[in-house]
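All chains should be built: construct the whole structure from the sequences, respecting the hints.
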Amino acid sequence: MSTTAPQADSTPKPSSGLLGGLADWFDDRTGYRALVHEALYERVPGGARWRYVWGSCLVFAFMTQVITGLVLWASYSASAQTAWESVYYIQHEMAGGWLLRGIHHVMAQAMVVLLALHLMQVVIDGAYRAPREVNFWLGLILMQLVLGMALTGYLLPWDQKGYWATRVATNLAGLVPLVGPSLQQLVVGGPDYGHHTLTRFFALHAGFLPATLVGFLVLHLTLFRKHGLHAKQPITKPDAMFWPDQVLKDAVAMLAVMAVVLGVILMPALRAMLAGEPIVTGHLGAELGAPADPSQPYAAARPEWYFLFLFQFLKVFEGWGASGEFLGAIVVPGLTLGLMFLMPIIGRWKLGHRFNVAFTLAILAGAGLLTAMALHEDYYALWADKTAYADVEELLKKTGGDEQQLAAALGNDEAKLAEFEKRRHEYEAIRKSEAFLVAVKQAKADAERAVDLAGRPEKIPPAGALSLVRSDPLSQGPLLFAQHCASCHAHIDPAKPEAAAIFAQASAANLFEFGGLVWARGLLDPEQVAGPAYFGNTAHSDGDMVSFVTDELSDPDLWKPDEVEAVIVALAAEAELPTGGASADLVAKGRGLMADTDRCGSCHAYADNETELGYAPDLNGWGSREWLVGIITDPTHQRFYPEDNDRMPSFGVGSNGGPPTLTEDQIGLIADWLRGSWYRPAGH
Amino acid sequence: MSEHTKADPATEGRRGFITKALAICCGGLATLTPVGAAIWAVLDPLRRTAGAGSFLRVADLANLPDDGQPRQFPVITDRVDAWTGYDAEPIGAVYVKREKGSDTVEALSATCPHAGCFVEMDKESKCFRCPCHNSAFTLDGGIVAPSPSPRPMDSLECQIDKSGSILVKWQNFYTGIEEKVARP
Ligand code: FES
Chain X
11 MSTTAPQADS TPKPSSGLLG GLADWFDDRT GYRALVHEAL YERVPGGARW
61 RYVWGSCLVF AFMTQVITGL VLWASYSASA QTAWESVYYI QHEMAGGWLL
111 RGIHHVMAQA MVVLLALHLM QVVIDGAYRA PREVNFWLGL ILMQLVLGMA
161 LTGYLLPWDQ KGYWATRVAT NLAGLVPLVG PSLQQLVVGG PDYGHHTLTR
211 FFALHAGFLP ATLVGFLVLH LTLFRKHGLH AKQPITKPDA MFWPDQVLKD
261 AVAMLAVMAV VLGVILMPAL RAMLAGEPIV TGHLGAELGA PADPSQPYAA
311 ARPEWYFLFL FQFLKVFEGW GASGEFLGAI VVPGLTLGLM FLMPIIGRWK
361 LGHRFNVAFT LAILAGAGLL TAMALHEDYY ALWADKTAYA DVEELLKKTG
411 GDEQQLAAAL GNDEAKLAEF EKRRHEYEAI RKSEAFLVAV KQAKADAERA
461 VDLAGRPEKI PPAGALSLVR SDPLSQGPLL FAQHCASCHA HIDPAKPEAA
511 AIFAQASAAN LFEFGGLVWA RGLLDPEQVA GPAYFGNTAH SDGDMVSFVT
561 DELSDPDLWK PDEVEAVIVA LAAEAELPTG GASADLVAKG RGLMADTDRC
611 GSCHAYADNE TELGYAPDLN GWGSREWLVG IITDPTHQRF YPEDNDRMPS
661 FGVGSNGGPP TLTEDQIGLI ADWLRGSWYR PAGH
Chain H
586 MSEHTKADPA TEGRRGFITK ALAICCGGLA TLTPVGAAIW AVLDPLRRTA
636 GAGSFLRVAD LANLPDDGQP RQFPVITDRV DAWTGYDAEP IGAVYVKREK
686 GSDTVEALSA TCPHAGCFVE MDKESKCFRC PCHNSAFTLD GGIVAPSPSP
736 RPMDSLECQI DKSGSILVKW QNFYTGIEEK VARP
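Protein sequence lines, in the order shown, are assigned to chains X and H. Using the numbering used here, you'd call the opening residue of the first sequence number 11 and step up by one each time. Using the numbering used here, you'd call the opening residue of the second sequence number 586 and step up by one each time.
Worth flagging that the hints you see were computed from the coordinates, not collected in a lab. Keep in mind that a hint or two might mislead.
[Said to hold, decoys possible] Partial chain H-side listing against chain X, Cβ under 8 Å, derived:
id, residue
1, A622
2, A623
3, V627
4, L628
5, L641
6, A644
7, D645
8, A667
9, T669
10, G670
11, C702
12, G727
13, Y759
14, T760
[As the list claims (entries may be wrong)] Under the rule of at most 20 Å between Cα atoms (straight-line distance), these lysine-lysine pairs were calculated in the PhoX-like manner:
id, chain 1, residue 1, chain 2, residue 2
15, H, K711, X, K407
16, X, K442, H, K708
17, H, K711, X, K408
18, X, K407, H, K708
19, X, K360, X, K242
Values in this document were obtained by computation on a predicted structure and should not be read as measured data. Every residue, glycine too, gets a C-beta built ideally from N, C-alpha and C.
And the structure:
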């Protein structure tokens, strides 16, 4: 290691030879040697140190973002129909796209961490003091630019996560006094979120903010060089040169940062490898949620982890009304930043410097604590014991949460009531966390489904991936069912332990795998037909079908077991659902029995049995898509229950000439979902 | 070749001032043109409004049981997003309820008055809950204290038309403030 600066070695000197001559020629015209010399041979008072690496690491991280960002840009398309789609393509179809995006995504987070470290080092070392005040301010501006890029980048994939987080962020921007609403409208690009939100965020993220950042970075580095490095006192070692001593330390630190970034990206792959599972590269690196949909709630909405403290901070002001919101989102962060700008002035006094250090550490600690609180709230249910609150749950259920009833149930005892309130609070916290975890799981499933659909051989239609999701029975069926059917019908596998409780609450048949073998078998089972999974809770509970099954079908003299079985498979065949490998003969036999006017055909019309429609549902195509669409559209149609329809609305017929409750497409989606007919990727 | 003469300082000073002023004016004007054009275009979104809220059909009265239970309905309408025209797109959601024996309905916007997330119904706790910052509301939309939300859920005007359809006046409101102010 050199003890004195090797000045003599580094001064430019004329060279010989062809290459040297060329270099001289070039230096003559550009003065590049002096520039390089200036750049590399900077004195580092007291020698190279690890604590000086953060600034260089940040520049390195920024360069990484520029390189990966430019290439991402080359494949990205900012519009409501193409943003998610192009990011999907990068992540799942482009060679190396997952790695490129992964590096960009994880490095952005690394940058936030590095920023905090750099800031901490500068403040603790007092490097903001005269004459470096201006450079400290430049640094604070750079920090805000970086955070601005992080915020704007989050929206660009146009997935549910980015969309809802951005809605919250831009709505908060609307709280800025006077200009807020206009500011919000300018950022959003109009009164509503759409193409122009994306184009604007993209222009900010990839153009305006980085260009400004480069400008400020040049100033920051120029001033840094002008004043020289602020050495940590006391200096015990001899000075060294930036090149190569400090550069080596910087380079090692950069490599470490890159290693961590790669580690984060590849960790799941390693885990999969160890578990012997296949590695899906599309699942590595940055997540891609389901396409943004303003009409679908996204209960897993959270900002990126480094903004989580701000998010949690808003909750601190619970019950403060609008002023709390304003304080939490605008005033406190604004004041904090203002105080940071004043640090170089406060730091002139010894006590002031101590205050600055304490303040910075307090902010970082506070942010850390808020982040931990946010995570704790969200994941609480993972370790909390809900069973310990079974009594609370029961009491709440019994009283319906009614204050007076609660008080009465607790004997109007103040102390007991207070205790109950405390426990109720705990219980609610667990439930909130549970809801969040369910939402996260759902979000993941939705995201996976969207990716499956986008990967169909037919690719994404011009209307975008959202149109695929909206016309997907697997995605829409459960939503439509929950909204229109679930108030009466259950939809649960009867083999599940919780099924019985759900059947008890339903007031119409369980529609799980309706029309399939299991369903048909249950229908013709004397034990089940009058149960809550079939006609039990309906007006048909003592109807002819129920008495037919209980009285006649169960009588082996009238119906031989293999005849019942034949009808069951014939019904499934009619529904065009799997018949469990039943022979064609058996199906034909069942069909014969269905048509037989002494058997099913005495009430039901089937094939050419000439039984009139109207008394019992048509068995032609029973349970098929067409049949299901028909009964959902209008159960009072001649083919179904013209006389004795039990409460089922005609979803496809408008009342008094108005439009129907459900469109043809929506009814089709429900029918397809009930029949389990949706796109399945190969290998699933 | 002109001969170098020494100008008198007064003329020099005046000339110098005019030169400087001209340089600044020319350069400034030249630069301001693109800047002006840029600002003009950047401010375009301020001219755009969502249009006054219009009454949109969300459901049929006949299909809304009169049990006082709010039910969620999507709000569907044609929508223009810059250059794309969508027909019959879901743009949001409302909760509509009908009291026992009543022929009128009440509607609440599903958009959280706190910061615009999607408020969901918690059937078990018989309340509304916003997943974002845990604002809770009663089934009438009232605030359950303590809440980050500064105001109750936003009620929307309703009508029942001749054919028995429920029409709701769909509007967006500014979030995070105590008063309910419709966005233009
Ligand atoms: S957006 Fe609903 S609580 Fe914040």
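Here is how each hint holds up against the structure:
| no. | hint | result |
| --- | --- | --- |
| 1 | A622 | 16 Å, violated |
| 2 | A623 | 11 Å, violated |
| 3 | V627 | 7 Å, holds |
| 4 | L628 | 7 Å, holds |
| 5 | L641 | 12 Å, violated |
| 6 | A644 | 7 Å, holds |
| 7 | D645 | 5 Å, holds |
| 8 | A667 | 4 Å, holds |
| 9 | T669 | 7 Å, holds |
| 10 | G670 | 12 Å, violated |
| 11 | C702 | 6 Å, holds |
| 12 | G727 | 14 Å, violated |
| 13 | Y759 | 6 Å, holds |
| 14 | T760 | 5 Å, holds |
| 15 | H:K711 to X:K407 | 10 Å, holds |
| 16 | X:K442 to H:K708 | 13 Å, holds |
| 17 | H:K711 to X:K408 | 13 Å, holds |
| 18 | X:K407 to H:K708 | 11 Å, holds |
| 19 | X:K360 to X:K242 | 16 Å, holds |
Checked against the numbered hints listed earlier, the structure breaks hints 1, 2, 5, 10 and 12; every other hint is satisfied.
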